[in-house]
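Go ahead and model the full structure; you've got the sequences and the hints to work with.
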Amino acid sequence: MVIVWNERVIIDGWQKNLKRCVEEEEPRLNLKKANFSDSRRLSSLEAIELKPFGGIHVLYKDRCLARLTMGNFSAALEDVREALELAPNYTEAYICQGDVFLAMDQYDAAEKSYSTCLQIDPSICRSKSFKTRIGRLQEKQTAANKP
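Taking this note's numbering as reference, the numbering of the sequence shown is continuous, increasing by one, and the terminal residue is 344.
One thing to keep in mind: the hints can contain errors.
[What the hints assert, rightly or not] Below, in silico cross-link-like pairs of lysine-lysine (BS3-like), each with a Cα-Cα straight-line distance of 30 Å or less: (1) Lys325 with Lys343; (2) Lys309 with Lys328; (3) Lys337 with Lys325; (4) Lys325 with Lys309.
[As the list claims (entries may be wrong)] DEER-style ranges, computed between Cβ atoms: (5) Gly252 with Ala341: 13 to 23 Å; (6) Asn286 with Pro344: 34 to 44 Å; (7) Gln303 with Met267: 31 to 41 Å; (8) Glu275 with Gln316: 15 to 25 Å; (9) Pro344 with Met267: 14 to 24 Å.
Treat the hints as calculated values from the structure; they're not laboratory data.
Small disclaimer: the values here were computed from a predicted structure and weren't measured.
A virtual CB, placed ideally from N, CA and C, is assigned to each residue, including glycine.
Following this line, the structure appears as structure tokens:
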């Protein structure tokens, strides 16, 4: 539904959210299929510029994952910082941030991100994927500390 008010066209929020959901789902499917170039294209600023009501932090986190996988660490960090600015208690973003720091060999920063995630949601420590991340971090820290 379109409402004309003071010579401005206002689109109801549900239309923005519907379009955002459609554009958000395609990149997620591409991420699952390891189709990262399409994921980056589809999840780029197009969906973010829609300024949807809620959920934009998830778009930033998803794009962070795509950029991380493609080796674009600085852009991945920018996206995860945007996600955390919008949703400071979003545990998945802290996990992504830790993954980016781990890929950049910044082990202390990775540990801090993972620790923050645990402070927000202690139950995450039971997750197999989280345990794997911590194990990988510990292995890299040990290897880095060997002479």
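Hint by hint, which ones does this structure get wrong, listed from lowest number up? 5, 7, 9
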